[in-house]
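Novice: Chains as they are written, first to last, in our numbering: chain A, 1 to 368; chain B, 1 to 365; chain C, 1 to 247.
In short, the hints are calculated from the structure, not lab data.
Be a bit skeptical, because a hint or two may be false.
In silico lysine-lysine, PhoX-like type, Cα no more than 20 Å apart, as pairs [as the list claims (entries may be wrong)]: (1) A:K75 with A:K45; (2) B:K94 with A:K306; (3) C:K155 with C:K70; (4) C:K9 with C:K77; (5) A:K45 with B:K307; (6) C:K70 with C:K9; (7) A:K87 with A:K75; (8) B:K94 with B:K46; (9) A:K199 with A:K10; (10) C:K109 with B:K10; (11) B:K362 with C:K70; (12) A:K199 with A:K366; (13) A:K361 with A:K199; (14) A:K75 with B:K307; (15) A:K306 with B:K46; (16) C:K77 with C:K109.
Simulated DEER-style distance windows between Cβ atoms [to be verified]: (17) A:A227 with B:I274: 27 to 37 Å; (18) B:F246 with A:K87: 19 to 29 Å; (19) B:R18 with C:T26: 43 to 53 Å.
Backbone N, C-alpha and C fix where the C-beta goes; we use that ideal spot for every residue, glycine too.
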Amino acid sequence: MHKIRYIAGKEVRHILRDSRSLMIAILMPILMTFVYGYAINLDTKNIRLAVLDFDRSVDSRELASRFYNSGYFLKPQVPPALSDPEKILRSGQAHAVLVIRAGLARALTNFTDYELGLLVDGADANVAAATGSYSNIMVASFLEDRMPYGFEVPGVRISQQVLYNSNLESSHFFVPGLIAIILMMISAMLTSVTIAREKETGTMEQLLTSPVTPRQIIIGKVLPYIALALLDAVLVIIFAMFHFGVPFAGSMLLLLFFGLIYVAAALSLGILISTLVSTQQLAMMMAQLTTVLPSVMLSGYIFEIKNMPAVLRYVSYLVPARYFIRIIRGVMLKGSDLSVLWGEAVFLVILAVVLLAIATKRFQLKIG
Amino acid sequence: MVRTILALMKKEFLQVFRDRNMLRMIFIMPIFQLILLGYVASTDVKLISTAVYDHDRSELSREYVRSLSAGEYFITDAPSIPLLEAERGFKENKYEAVLIIPDGFSNDLEQSKSVDVGFMVDGTNANSASIALGYASLMTRQFNERVTGFSPPIKLTQRKLFNPEGESVYYMVPGIVALLLTMITAMLSAMAIVREREIGTLEQLMVTPIRTPALILGKTIPFALIGFVEISLALFVGIMWFKIPFAGSWVLLYSLAFLYLFTTLGTGMFISTISTTQQQAMFFTWFFAMFAIMTSGFFAPIANMPKSIQYLTYLNPLRYFMTTVRGIMMKGASLDVLYPEVIAMIIFGLAIFTFSWMRFSKRVK
Amino acid sequence: MDNAVVIDKLTKTFGNFVAVDQISLTVGEGEIFGFLGANGAGKTTAIRMLCGLLLPTSGRGTVSGFDIYKENEEIKKSIGYMSQKFSLYQDLTGEENLWFYGSVYQIPKDDLRKRMDELSESLGLSEFIDRPAGSLPVGWRQRLALGASLLHRPKILFLDEPTGGVDPVFRRRFWEILYSLADEGTTLFVTTHYMDEAEFCRRISIMHQGRIIEVGKPQDLIEKYNQPNLQETFISLISRESVNAQD
Numbered sequence: 001m002h003k004i005r006y007i008a009g010k011e012v013r014h015i016l017r018d019s020r021s022l023m024i025a026i027l028m029p030i031l032m033t034f035v036y037g038y039a040i041n042l043d044t045k046n047i048r049l050a051v052l053d054f055d056r057s058v059d060s061r062e063l064a065s066r067f068y069n070s071g072y073f074l075k076p077q078v079p080p081a082l083s084d085p086e087k088i089l090r091s092g093q094a095h096a097v098l099v100i101r102a103g104l105a106r107a108l109t110n111f112t113d114y115e116l117g118l119l120v121d122g123a124d125a126n127v128a129a130a131t132g133s134y135s136n137i138m139v140a141s142f143l144e145d146r147m148p149y150g151f152e153v154p155g156v157r158i159s160q161q162v163l164y165n166s167n168l169e170s171s172h173f174f175v176p177g178l179i180a181i182i183l184m185m186i187s188a189m190l191t192s193v194t195i196a197r198e199k200e201t202g203t204m205e206q207l208l209t210s211p212v213t214p215r216q217i218i219i220g221k222v223l224p225y226i227a228l229a230l231l232d233a234v235l236v237i238i239f240a241m242f243h244f245g246v247p248f249a250g251s252m253l254l255l256l257f258f259g260l261i262y263v264a265a266a267l268s269l270g271i272l273i274s275t276l277v278s279t280q281q282l283a284m285m286m287a288q289l290t291t292v293l294p295s296v297m298l299s300g301y302i303f304e305i306k307n308m309p310a311v312l313r314y315v316s317y318l319v320p321a322r323y324f325i326r327i328i329r330g331v332m333l334k335g336s337d338l339s340v341l342w343g344e345a346v347f348l349v350i351l352a353v354v355l356l357a358i359a360t361k362r363f364q365l366k367i368g
Numbered sequence: 001m002v003r004t005i006l007a008l009m010k011k012e013f014l015q016v017f018r019d020r021n022m023l024r025m026i027f028i029m030p031i032f033q034l035i036l037l038g039y040v041a042s043t044d045v046k047l048i049s050t051a052v053y054d055h056d057r058s059e060l061s062r063e064y065v066r067s068l069s070a071g072e073y074f075i076t077d078a079p080s081i082p083l084l085e086a087e088r089g090f091k092e093n094k095y096e097a098v099l100i101i102p103d104g105f106s107n108d109l110e111q112s113k114s115v116d117v118g119f120m121v122d123g124t125n126a127n128s129a130s131i132a133l134g135y136a137s138l139m140t141r142q143f144n145e146r147v148t149g150f151s152p153p154i155k156l157t158q159r160k161l162f163n164p165e166g167e168s169v170y171y172m173v174p175g176i177v178a179l180l181l182t183m184i185t186a187m188l189s190a191m192a193i194v195r196e197r198e199i200g201t202l203e204q205l206m207v208t209p210i211r212t213p214a215l216i217l218g219k220t221i222p223f224a225l226i227g228f229v230e231i232s233l234a235l236f237v238g239i240m241w242f243k244i245p246f247a248g249s250w251v252l253l254y255s256l257a258f259l260y261l262f263t264t265l266g267t268g269m270f271i272s273t274i275s276t277t278q279q280q281a282m283f284f285t286w287f288f289a290m291f292a293i294m295t296s297g298f299f300a301p302i303a304n305m306p307k308s309i310q311y312l313t314y315l316n317p318l319r320y321f322m323t324t325v326r327g328i329m330m331k332g333a334s335l336d337v338l339y340p341e342v343i344a345m346i347i348f349g350l351a352i353f354t355f356s357w358m359r360f361s362k363r364v365k
Numbered sequence: 001m002d003n004a005v006v007i008d009k010l011t012k013t014f015g016n017f018v019a020v021d022q023i024s025l026t027v028g029e030g031e032i033f034g035f036l037g038a039n040g041a042g043k044t045t046a047i048r049m050l051c052g053l054l055l056p057t058s059g060r061g062t063v064s065g066f067d068i069y070k071e072n073e074e075i076k077k078s079i080g081y082m083s084q085k086f087s088l089y090q091d092l093t094g095e096e097n098l099w100f101y102g103s104v105y106q107i108p109k110d111d112l113r114k115r116m117d118e119l120s121e122s123l124g125l126s127e128f129i130d131r132p133a134g135s136l137p138v139g140w141r142q143r144l145a146l147g148a149s150l151l152h153r154p155k156i157l158f159l160d161e162p163t164g165g166v167d168p169v170f171r172r173r174f175w176e177i178l179y180s181l182a183d184e185g186t187t188l189f190v191t192t193h194y195m196d197e198a199e200f201c202r203r204i205s206i207m208h209q210g211r212i213i214e215v216g217k218p219q220d221l222i223e224k225y226n227q228p229n230l231q232e233t234f235i236s237l238i239s240r241e242s243v244n245a246q247d
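Start from the sequences and build out the full structure, keeping to the hints where you can.
Specialist: Structure below.
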């Protein structure tokens with residue numbers, strides 16, 4: 001038992017001295033939390049909209065100010081010197097151009113048909129969609145206010161309700177999932193690198209000639225990283241809750257339990273990788289490719305799995321982060337418990353067990 | 001001196017092409033990531049699974065549901081859970097939205113009155129949720145016009161300029177091209193210099209009458225060339241495989257890429273002065289690149305970021321190159337539109353390259 | 001005979017640590033000079049200053065008549081350097097390595113070709129010159145490295161433990177080559193731990209903790225300190241210095 005403690009202690013000293021490990025373990029999570037919390041915000045706002053007002057009436061000015069006061073649209077810094085909507089978009093001065101032809105005021109008084117034109121820069125499809133959506137809302141509410149008092153516009157009205165994250169904060173979506181990424185980075189990447197390093201420098205061989213068993217070596221090496229990973233996870237959660245206001249609606253115990261299973265899966269991956277490579281450099285590259293990359297891209301963290309081609313959808317079933325991210329988001333944002341998350345739980349446990357088995361088998365084969 | 005530079009370049013190329021890991025890193029991995037990202041990176045919101053609780057069960061209500069699911073936005077389904085427990089469906093991630101149609105639906109509509117339907121949305125993915133709400137209201141409006149015959153006098157017609165198909169890929173791939181160029185040229189040049197230091201050949205070179213400018217050029221030019229091959233490859237894959245449009249001038253793109261290389265190679269040089277091992281060099285590059293990518297407007301528009309971070313992004317050279325590549329490829333942008341970005345890239349290029357050059361020279365002495 | 005290397009009170013400090021402490025030396029042209037000392041005595045630092053890799057903190061020196069502060073470039077053109085660390089490019093063949101360094105030294109192409117053939121013959125490189133340098137056994141690699149350092153016919157050759165890890169047969173051969181170089185007029189400045197090699201040198205100096213504690217012909221020093229051989233001389237000198245330092 002104390003042999004494990006000794007190996008773990010040695011590992012801690014390595015970590016403290018290796019600036020790179022320290023950075024990955026401490027600096028990166030902090031910075032990533034900031035970046036994902038603030039910078040990666042897909043809620044489109046501050047859309048630069050140029051208004052070409054050819055009607056120049058009280059009504060047209062009111063319409064324009066409604067757009068600008070909504071918080072979605074911004075007036076471009078420089079008033080467009082050009083009057084051609086296409087040219088304005090090409091110049092990059094604005095993202096969208098609203099053209100108010102002459103006749104708006106008249107159409108409103110006489111209740112005749114009138115067309116407003118909106119030209120949108122379609123390059124960023126997401127922003128284009130949002131622009132269209134918001135504009136529709138603006139025009140609709142502008143019209144509603146114009147309706148005679150008591151007049152009800154016939155038709156279906158949507159009474160909407162947003163469940164969970166009712167303020168639609170981007171950070172609530174990204175920051176909890178970040179925990180899965182960080183845990184994977186530390187548990188898989190750092191672990192594979194450190195084991196590979198011992199192989200590369202020959203100290204693994206040295207260790208094996210001593211009365212320490214391979215199992216003790218692995219446990220000892222891996223323990224500090226587990227501690228580090230959990231510490232980071234806790235830090236991110238605290239940050240998420242107190243800085244970004246992410247709720248914790250469900251059971252902490254449940255999250256901890258599945259966190260440990262997830263970490264076990266990640267560690268197994270790390271160990272597995274270390275048995276496949278001979279140098280630290282390769283370990284890092286391979287770890288990034290097979291653990292961090294899929295966890296970010298294929299897990300549903302940012303990009304929807306259902307939008308992906310079939311092949312990639314199948315591959316995503318093998319990514320542990322996919323399940324754990326659902327679990328974290330469920331537990332923190334929705335207060336989900338095991339009765340609704342059992343599917344993810346089962347998959348995660350199976351993956352972890354299988355990976356652990358493969359990793360230990362290979363490790364013993366290679367070393368023992 | 002030219003001879004020395006050529007000799008250095010030849011040596012560098014020999015080394016790169018004989019190192020299989022290096023080759024994998026330069027050619028296979030980036031293209032692999034390009035293809036992967038091309039397929040995966042879409043922030044399109046569609047196929048929103050919606051459970052419909054139709055308490056009216058009339059022809060009209062069914063037509064309303066049909067109109068919602070026309071197009072790719074919503075996939076409507078009869079719910080398997082009673083309404084009171086609908087929340088469980090959200091927690092199980094069975095569906096992302098719930099539509100509740102009250103039983104007076106068709107009556108009210110036939111009497112030309114307004115009727116409220118409930119639309120509940122899972123706010124976890126904030127972006128999808130708000131876009132879903134937008135689509136719902138759009139589809140509803142269209143339905144209203146058809147059914148009530150009452151069309152609002154003021155209509156908004158929209159037209160998209162550039163990327164009318166709304167393909168995310170067209171937007172992502174040029175971004176990826178910019179990324180690749182950045183990562184590869186910076187990382188490789190940093191590692192190349194550090195490797196020489198690590199194995200001792202740098203010292204051997206220092207003992208020769210080689211001049212520092214020759215050394216620097218000899219070690220950066222090969223990677224500039226590899227960078228060009230890299231983007232050409234990426235563009236080829238993007239255009240052939242993903243059918244990305246190319247609306248602008250190739251010459252302009254390559255010229256500006258050349259300009260941008262001063263920044264990336266300068267950064268590589270800088271990193272080589274703060275790393276002692278190749279792994280450190282690789283790691284530092286990755287570290288810088290991560291943040292450059294996140295704040296470059298690659299997949300989240302800079303306009304969405306808080307003001308303070310927006311100001312910070314002005315210091316990110318990748319931001320300008322990203323705008324440039326996307327502008328040229330998607331909008332056929334030319335110099336008169338891109339000149340602010342070009343000026344920024346010139347400033348950054350000169351500043352970073354010169355600073356790193358001086359730092360490197362000093363270290364060498 | 002002109003002096004190849006002249007140094008006067010050369011010093012190098014790194015912060016508070018004095019690596020080289022006011023050493024003074026002269027080495028004549030065509031001499032084989034042995035630069036001895038225990039590990040960490042400051043030998044490598046001293047050599048690096050002479051090669052222009054490090055700027056001294058104080059003191060003066062000329063190498064091949066050129067000032068080590070101001071005429072660095074000239075010095076580099078007339079010296080060769082073979083370091084402890086094997087510094088040829090591992091994935092390049094011997095031939096590619098030689099061609100590369102030849103180009104860096106601006107040797108005209110035809111001359112370079114001839115020179116490479118010459119060296120290949122005299123050093124026995126042709127057997128393995130087509131193989132990647134990293135795949136060669138140590139002895140051959142060192143010969144290749146020696147060849148690379150001789151391409152531009154340097155007047156002075158600095159060799160920092162050139163035969164470390166090489167078997168006795170190779171070592172003997174190596175020194176035969178060194179002797180013929182010296183006969184041709186090249187000055188050799190060698191550091192080594194092998195005492196038998198030290199005895200090959202015409203004169204030696206012994207460094208300890210940054211200072212030169214003794215200079216002279218090996219045989220003279222053996223007699224002066226009344227020791228059976230150079231190894232014992234060396235050891236007794238070093239331990240004496242350590243004892244003195246403790247007082």
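Novice: Determine for every hint whether it applies to the structure shown.
Specialist: Tested hints:
1. A:K75 with A:K45: holds, 12 Å
2. B:K94 with A:K306: holds, 13 Å
3. C:K155 with C:K70: Holds, at about 19 Å.
4. C:K9 with C:K77: violated, 25 Å
5. A:K45 with B:K307: holds, 12 Å
6. C:K70 with C:K9: Within the cut-off at roughly 17 Å; holds.
7. A:K87 with A:K75: Judged against 20 Å, a Cα distance of about 17 Å means the pair holds.
8. B:K94 with B:K46: Cα-Cα ~15 Å, so holds.
9. A:K199 with A:K10: holds, 16 Å
10. C:K109 with B:K10: Cα-Cα ~15 Å, so holds.
11. B:K362 with C:K70: holds, 16 Å
12. A:K199 with A:K366: holds, 11 Å
13. A:K361 with A:K199: holds, 18 Å
14. A:K75 with B:K307: Given pair K75 of chain A, K307 of chain B holds - Cα atoms ~16 Å apart, limit 20 Å.
15. A:K306 with B:K46: holds, 9 Å
16. C:K77 with C:K109: Cα-Cα ~17 Å, so holds.
17. A:A227 with B:I274: 27 to 37 Å: holds, 29 Å
18. B:F246 with A:K87: 19 to 29 Å: holds, 21 Å
19. B:R18 with C:T26: 43 to 53 Å: holds, 46 Å
Violated hint: 4 only; the structure is consistent with all others.
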